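A.B. asks: Letter by letter, the chains look like this.
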Amino acid sequence: MENYRNIGKPEVRIDGREKVSGAAIYTADLDFGPNLLHAHVVGSTEASAEIVSIDFEEALKVDGVLHVFTARDFPNYQFGLYMKDRYIFAQDKVRFHGEQVAAVVARCPKAAKKAAELVKVTYKKLPQVLDQMEALKEDAVLIHPDLENYEHVPWFFPKAKTNIAHWRKVRKGNTEQGFAQADFILEDSYHVPRYAHCAIEPHCAIGKFDLSGRLTVWATSQSPHTQRHIFAEALAPLGITHHDVRVIAPHVGGGFGGKAGVTMEILAAALATKCKGDPVKVQWSREQDFYNTYQRLGVVTNLKIGVKNNGKITALHHRINWDAGAYVEYGANVVNAVGLSAIGPYNIDNVSIDSVCIYTNLPPGGAYRGFGYSEFLFGLESHITRIAKHLGIDEVEMRKINGIKEGDTTAYSARMNPSGLHEAIEKVANEIEWGKKETSKDPNKVIGKGFSLFWKAPAMPPNASSSAFIKFNEDASLNILVSGMDIGQGYLTVMAQIAGEILGIPTHKIRTENPDTDRNPYEWQTVASHITWSCGNAVKKAAIDAREQIFDLVERTHHLHRETLYLEDEKVKCTQSASFELPLSDFVINGIQVEDGTFKGGPIIGRGVFMPEFSSTNADPETSQGGHPNVHYTVGAGAITLEIDKETGKMRILKVVEAVDVGKALNPSLVEGQLTGGLMQGLATVMFEDMRYDANGRLLNPNFTDYKLPTAKDIPDEVIPIIIEVPQPDGPFGARGVGEHTMLPAAPMVANAVEDALGVRIREMPITAEKIALAYKAKMEQSSKDG
Amino acid sequence: MAISHEFSYEKPASLGSALALLTRYQGQAKILAGATDLAVQLKEGTVTPQCLIDIKGLSELDTLAFQEGQLVIGANVTFQALVHSDLVRRELPMLGESALTVASIGVRNRATIAGNICSAVPSLDSAPVLLVYDAVVVVTSERGTREVPITDWFKAPRRTALAADELVVEIRIPVPAVRHRGVYVKLGRYRGEDLAQAGVGVMVTEQNEYKVAFNAVGPVPLRSAKLEALLRGRTLDDALLKQARAEVPSEISPITDIRASREYRIHMCQVMLERALRAATGLLAGKSIDVEHLV
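Keeping their order, the protein sequence lines are chains P and X. Here my numbering is used: position 268 in the first sequence is 268, and no number is missing along the way. Here my numbering is used: position 37 in the second sequence is 824, and no number is missing along the way.
No lab work stands behind these hints: they were computed from the structure. Accuracy of the hints is not assured; some may be wrong.
As the list claims (entries may be wrong) - Derived EDC-like pairs (lysine to aspartate or glutamate); straight-line CA-CA distance at most 16 Å:
| no. | chain 1 | residue 1 | chain 2 | residue 2 |
| --- | --- | --- | --- | --- |
| 1 | P | K655 | P | D717 |
| 2 | X | K1029 | P | E647 |
| 3 | P | K441 | X | D1077 |
| 4 | P | K771 | X | D1044 |
| 5 | P | K713 | X | E980 |
Treat the numbers as computed from the prediction; the structure is a model and nothing was measured.
Let the hints inform the model, and build the full structure from the sequences given.
C.D. replies: Listed below in C-alpha cells is the structure:
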C-alpha cells in the first residue's frame, strides 16, 4: 500500500466554507448593473403545430420593451451536440409543448413577462405522436421529415423517413442457438417513465455581445467548452467563431446531467448578438426548467433471457424503445450507450441488443445521472431475480454464477477491466444479512429484501479529453486551472488532492476555481462520471510536469542527482542527504540564486493533457463488433430491507446497502457522499417521481406540488455505503468514476424487495404505495376467489 | 417570477376600513393574510385583483381563546400558532394535529386556517376537524355579521358561502362537554409536505357518538350522515368496522387525477376510516397512539 499524504484522506472540501456560508456566487447572483436586459420566452401551447403567424405589435407597446425576437431573426440556425436537429427558435413548426417560439427583451423582468403574455401566436394543429410505440408504426406522422439531411456523429444510424433517429444494434455469438440450449426462457416487458433532474438551481444564462464583437456567456453549466463550441457553430451565420466566444461558468447548484450540452443557454447567446453592448439575461422558472431543458428519456423494453437449470445464462435479447422527445441531439447518445451495455454486468456468450431512439412530440430527452443505465437495469435485474426464483436458485448465487470478471468479454467483445464485482456482492449480502427473513412487529406490515447489481461505463466520444495547468505562487500555494465543474461531487477538492500529492502541498493551500474558457484549458464536459478519472489524469500529469521542472532546476543549481530528489511538506528533499531541505517557497516564482549572484529558473507552471488513446467507435453498425467504445466499467451491488404496509402500500426503508468499486477512493468521505446522495436520488425515482402528460403533450406536474422529491422525513432508517478498491490501471492513483453509478440499483432492488415481501411483481416505474396496495389487493381478491 | 399585472395594496388600520374597501371593490379585491396561496396565484396570473387588502395589522383578528365552551380562532391565526398552542393541545388536540399536516414549517408560519377555508380546495386539511366538531364561521361586512355553519360553508371547489363584500372574522369550534377525541388521517404521497390525496376525520365521544368527515374525495369536504348513523351508540368491533368500511364507497365520490386514482382513494378511505376510529377510541381509553403515522 502506497503511503499517501493527500490521496485517500477525507479532506474537507475546498469550496465547502464558501458554499455553506452563502458566500458562493451563482450565475443568477451576478450583478450586471443597470443596463442588464431581461428576456421572457414565449413557449408553444401545442405539441405539434404549424406556426401560422406571430403578432407582437401589442407586446412592443409595453413600457420598457425593446425587442421581440422569433425564428425570423435566426433562420435555420441549426445546432446540437451529437446531431444538429434543433433550432434557436422553433422554425415553421413546433414539436413540443413549451418549445420557444419568441422572446421579449425588456428593461425589467416584469415588462418582459407582461409583453410576452401579449404576443399572439396562431397555430395550425398538426398530427402529434406522444408515445414512442405509436411513433414506430409505419403510418406515424414524421416529426423530422428532413432527418436524412441532419449532420450527426459517425456512430449514429438514423433511418430516413421514419421517427428513428438512431438504432444501436449489438450482435454477439448466436442467440438462436443460445435460446435453443436454454432450459427456461423468461420474456417480459418493463416501463420506465420520464424524469426531471430538479437541480435546486434553475437554469440561468446571461449573454453579452460587446461593442468589439466579443460574445461572452455566463451560464449554469456542466460543459463550458462544449457550450462555447456549440455557440460558435450555431451562430456561425453571424460570422462568429470560437475565437470570439467566451463562456464563464460560476458555481453550479446541482447538475445531474441537466446542465450538460446546450439547452436554454442558446437563447442568451443568440439574443445578445441582437442587443449589442448590453447583457441579456434569461432566467428559467422552475416550470420552464421542467419542460424546456432536458428530461430523462422514457423507456419501454422487451427482455428475453434464456438459462440452464444450473442458473447459467445462455442468451439475452434486449429490445429497448426510447421516447427521446422532439430533439435528440444529446438523448440519442443515451440510446447508444445503453445499446452497448444492456447486457448488464454479466458474462453472456449470445447477445442481441436493439436500442432504438425514437422521436416523439414531448420535450427533448437528454443526459440524466445514470445515462440510461437505471432504465434498462430496472428490467434486467428484475428479470434475474424472477428467473432465479423460477429455478429455485438463490438470486445472489445466480448473480455470482453469471457476474462478469476481469478478462471476460463485453457485448462488443472488448475485455472487461479489473473489477470488484464479486467482492461487492459478498460484502453487500453480508451487510444486509441476505437469507435472513425478518418480520415486522406491526401485523399490518411485512418485510422484504431486494438485491441488484449494476454497472456503467462513461459514454463519451472516443477522443473526449481533459487538460490542466498548474501554477505556483510565491508561498508555494497552487492554482489549478481546469474546466470541469464541481456539481456537488467534490471535483475541485479532488483535483487539489491529486496535485498536492505529487507536489507535496497540503490541500488547503491549493485553489481550484470555476472555469472561464478564455483562461482555463480545454475540458470536454463534466458528465459520464469521467471527470475524476480523465481530468484527474490531466492534473496528475501537470503536477508531474511541474515536479520535473523543479527537479531540473535543483539538479542544475544544487548538483544533486534528480533520482535522489523528492517533494514532501512543501520542500524539496534528498534521499541521500537528510540535511538537504529546500522550501518550495524559496524558488518556485523567483528562481534559485547561484554562486555568481545570478538567478536560475523562474515561475513553475505545469501542463497536462489526457485523452484515452485506446478508444474507438469504429465498429460494424450491424453488430457493434470491432471497436472499443467504452473506456471502462464501474461495477457494484446494492440491497435493501423494505417494510411494507399491506393495506396502504406505504414503504419504509429499514436499511439500504450499496457497494461500488471506485478503483481508489481519492477522498472517501466524498465517495460516501456520492453513494448516499445517489442512492437517495435513485430511491426517489422509484418511489415518488413521475412526469405526467395530458393528451395534448402538456406536462401536468412542472412543480414540486405534484412532482414529488422526497424530504428528510422520507430517507431510509439506515444507509450503509461500502467502498471497494480494485485499482483501475489507467486511473489517477487507480481511481475510476463513481458519480452516476450510485443511483443505478435503486429501482430493481425495490421491485425485488416488494415481490419478496408481498409476492407481487411491479414492472412499471415508479413503484408507488398506490401501485403496491392495489396490486396486493387484487392478488388477495384473486386468491380468495380461487379459494 | 415577476407579477405582471398591476394592483393597489391597502393595509387598513381598522376592521371598518377593511370592510369599506371590500364594499368599494365589489369583488375585485383579495384579502391578504398569509398569502401562501395568493402570492402563487398572482405570479401565475390565475387571479388578477384590482386591490389587495392586507388584514395582518388588524389585532381584533388575532384571537386564539377558549370562551364559553368554544375555541375561538381569529382570521389572522396561523397554522403554526395552532400547532404550538397549549390551549389547543388541551381542548382540541385534533386541531393542532391537523394543522401539523398542512404544508411545511415555512408555509405554516404564514398560512391561516381562515385563509385555508376561504381557498376551499377539496383537499384542505382543516376541513375534517372543523366538520366533525360542527364549527361555525363568523363573517362580517358593512351589511352586518352572520354565522355560517361549516357544513354550509363549502359550496364547490374553491367556492364558499362568503359574499364578495364579506370578511371572515373568526372560526368558532364548540368543544363537547363530554369526553371526546378526534383524529385526522391524511394520505399523502410521502411523509414530506403534500396535499391530501384523501383524508378522513373522526370524532368519538365517551357515549359512543361518532362524527365522520372526508376531504379530497369529492368536490367539497363532507360529513357522512350514513356512517354516523351506523356507528351511533355502538361499541367498535371488527364486525362493525367491516360494516363501516363497506359503506364508504357510497359516501364519497373521488376522481382519478394526478395525485391518486379513484380506486386507491376509495380503498384508502376504508383503511383510514378503520384506523382513525380505532385510534380515536384507543386514545379515549387512555392508550398511547402515534396519530401522526397511522398511514
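A.B. asks: Indicate, hint by hint, whether the structure satisfies it.
C.D. replies: Each hint, compared with the structure:
1. Taking the CA atoms of P/K655 and P/D717, the gap is near 6 Å; set against the 16 Å cutoff, the hint holds.
2. A C-alpha spacing of about 14 Å is found between X/K1029 and P/E647, which places the hinted pair at or below 16 Å, so the restraint holds.
3. For the given pair, P/K441 sits about 15 Å from X/D1077 by alpha-carbon distance, which is consistent with the 16 Å threshold.
4. Among the hinted pairs, P/K771 with X/D1044 is consistent with the structure: their alpha-carbon atoms are about 14 Å apart, no more than 16 Å.
5. Distance check on the hinted pair: P/K713 and X/E980 sit about 9 Å apart at the alpha-carbon level, within 16 Å; holds.
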